[in-house]
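**Q** One-letter residues, chain by chain:
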Amino acid sequence: MLKFILVKLAQLIPTFIGVTIVAFSFIRLLPGDPIILLAGERGISPERYAQLSAELGFDRPLVVQYWDFLSGLLQGDLGTSLVTHTRVVDEFFSRFPATVELSLVALLIAVIIGLPAGVIAATRRGSWIDHGVMGVSLTGYSMPIFWWGLLAIMLFSSTLGWTPVSGRISYLYFVDSVTGFLTIDTLLAGNWDAFWSALHHLILPAIVLGTIPMAVIARQTRSSMLEVQGEDYVRTARAKGLSNFRVVMVHTLRNALITVVTVIGLQVGLLLSGAILTETIFSWPGIGKWMVDAITRRDYAAVQGALVLIALIIMLINLLVDIAYGVINPRIRH
Amino acid sequence: MALLEIEGLDVRFRTTNGLFPAVEDANLSVDKGEVLAIVGESGSGKSVSMLATMGLLPWTAEVSADKMAFDGQDLRQLTSRQRRKIVGGEMSMIFQEPMSSLNPCFTVGTQIDEMLRQHLGGSRKERKERALDLLAQVGIPDPKKRIGAYPHQLSGGMSQRVMIAMAISCNPRLLIADEPTTALDVTIQAQILDLLLELQQDTGMALILITHDMGVVAETAQQVIVQYAGRQVERQEVKALFAHPRHPYTEALLSALPERAGDQARLPTIPGVVPGQLNRPSGCLFNPRCRYATEHCRQVEPKALADDPARTLCHYPL
Ligand SMILES: Nc1ncnc2c1ncn2[C@@H]1O[C@H](COP(=O)(O)OP(=O)(O)OP(=O)(O)O)[C@@H](O)[C@H]1O
Ligand SMILES: [Mg+2]
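Chains P and G are the protein sequences, given in the same order. Residues 3 to 336 in the numbering used here are what the first sequence lists, from first letter to last. Residues 2 to 319 in the numbering used here are what the second sequence lists, from first letter to last.
It is worth saying that the hints were derived from the structure and are not from the lab. A few of these clues could be false.
As the list claims (entries may be wrong) - Derived DSS-like pairs (lysine-lysine); straight-line CA-CA distance at most 30 Å:
1) G:K86 <-> P:K5
2) G:K86 <-> G:K33
3) P:K5 <-> G:K146
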């Protein structure tokens with residue numbers, strides 16, 4: 003198992019280098035200049051521009067700038083934001099918990115609903131339940147997040163008044179940040195009202211963000227279950243006189259999970275990108291919203307740093323998925 | 002009273018081209034401790050009729066029978082809970098493809114244990130000991146080590162041994178072995194067959210052995226059913242069948258045996274293939290391949306005569 007993990011880690015190195023190149027070039031390929039944007043409407047004199055450019059190191063060849071970025075990265079230094087002059091790492095991780103909380107809850111909702119829905123659809127194949135599950139998930143899958151998000155706000159927040167329109171928690175409450183997850187921090191503080199407020203704010207964006215993964219998980223679970231149902235070993239399980247429940251939940255689902263877990267892992271990347279849209283719609287103070295701002299201002303350091311961090315996190319999660327995959331699939335482990 | 006008695010078994014599959022009759026009017030009766038062989042080419046419905054007996058066919062199958070009784074209990078009337086007591090416990094089955102018949106996610110021990118827990122119970126320790134005994138009994142070397150192995154770590158022959166251990170774990174009174182050696186190396190085939198027959202002798206269970214191989218039939222069975230394109234064309238005691246085959250198909254199968262072919266350089270074969278769903282001939286299903294076929298055979302479907310103990314499905318039994 004240890005060897006398996008080490009090999010997987012080694013395989014990540016080229017990917018990581020590729021990511022740094024992409025992150026570095028992406029923001030510089032966009033038209034627009036951070037110094038001019040920083041100067042704003044007053045404009046800037048050519049001398050002052052040259053001076054700032056030299057101070058920030060933008061006058062050096064790109065290769066040198068990239069090398070600077072990469073060597074800083076390897077020492078754990080992501081640079082400072084051009085706009086706020088705080089360290090990119092600090093900016094990132096002060097907002098990251100909000101995004102993680104949103105994404106985790108979204109994924110949780112997606113799994114809790116998507117997985118059983120897929121199992122039920124597969125066991126009742128061809129019934130109205132099956133058609134219903136597949137129809138709903140196809141709709142969910144095809145719904146653009148911003149459209150679905152606005153629709154949900156209009157219905158549940160504006161018309162029905164069930165949930166707040168934006169933000170993470172009511173401004174009435176203040177809780178110390180321990181984990182950065184407001185739902186947990188409020189509980190740690192023992193403040194129930196604040197917890198309900200946080201949950202209340204979280205639920206709608208999480209459902210919106212979780213809709214596509216939920217649809218994907220439901221469909222994948224259904225098709226894997228159907229595939230596995232036809233396997234010889236499922237017939238063997240029936241031939242043993244086991245209950246239908248045991249045949250489905252132990253013998254079929256266990257094998258179907260192998261592909262479902264991979265698909266869930268792939269959703270994590272999509273979740274983070276979906277989070278950017280969702281955060282923008284719901285004014286959720288996470289990295290999504292922050293990155294959109296940073297891109298608008300061509301904040302090179304912030305954008306490239308954030309991209310590398312996000313890529314690292316996704317790579318790490320994929321590694322965890324691979325390990326989970328090895329745990330549930332003995333053929334990989336040995 | 003026979004242990005397993007089946008009369009008039011029909012199995013039809015719902016397909017996109019309508020109903021396909023995979024088994025028609027199958028009859029069978031096995032006594033306690035008896036070995037019955039079912040022979041026939043690929044596609045003749047051997048597996049399907051036994052899967053129907055075990056209740057293991059997929060949902061696209063329609064099964065009907067005039068009689069289907071295990072030890073006097075009507076299998077058609079049982080609730081699924083009652084049926085599950087019999088299936089796996091009193092009547093168990095091993096399959097054609099040992100490598101894919103074991104669940105890849107669980108160890109050999111877990112899969113045997115699951116069966117024991119379902120039908121025999123006992124403490125965890127007792128079950129583990131029983132599992133080790135079973136593995137030793139089916140000739141698996143070093144059972145203590147193999148009990149923790151995953152199926153992909155086993156060869157085909159080993160997998161089939163594990164399947165056999167599992168199938169006999171709850172002391173069944175009937176074991177159905179569906180071509181247990183077809184997927185295995187020739188050298189392993191004989192070992193597995195010997196093992197099955199030895200277990201059958203030791204435990205006194207009845208055995209239904211499905212096979213293509215007339216040679217195997219001669220060595221093992223007391224009763225033989227010959228099946229062709231979903232129909233039983235003849236059933237006889239093994240000695241009588243080898244001495245006087247009644248159906249031309251049986252005769253053709255026998256003459257394909259090396260020891261019967263004499264000194265011919267090439268073994269005789271039966272020309273053509275078993276008709277499938279789309280190319281069913283009119284009249285007798287065997288007529289396109291039968292060397293005795295007449296116009297009558299091509300027009301009229303034969304019926305077994307009531308006074309023929311072999312129930313030969315032929316207009317002109319040999
Ligand atoms: N699930 C199914 N759906 C449709 N047709 C099926 C299904 N299972 C089997 N059949 C058909 O039923 C017929 C009999 O199949 P069966 O597996 O019983 O043959 P067999 O005698 O066991 O052959 P083999 O020696 O190859 O195992 C075949 O024509 C097969 O195509
Ligand atoms: Mg078969």
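**Q** Give a verdict on every hint.
**A** Checked hints:
{"no.": "1", "hint": "G:K86 <-> P:K5", "verdict": "violated (45 Å)"}
{"no.": "2", "hint": "G:K86 <-> G:K33", "verdict": "holds (19 Å)"}
{"no.": "3", "hint": "P:K5 <-> G:K146", "verdict": "holds (23 Å)"}
Checked against the numbered hints given earlier, the structure breaks only hint 1 and satisfies all the rest.
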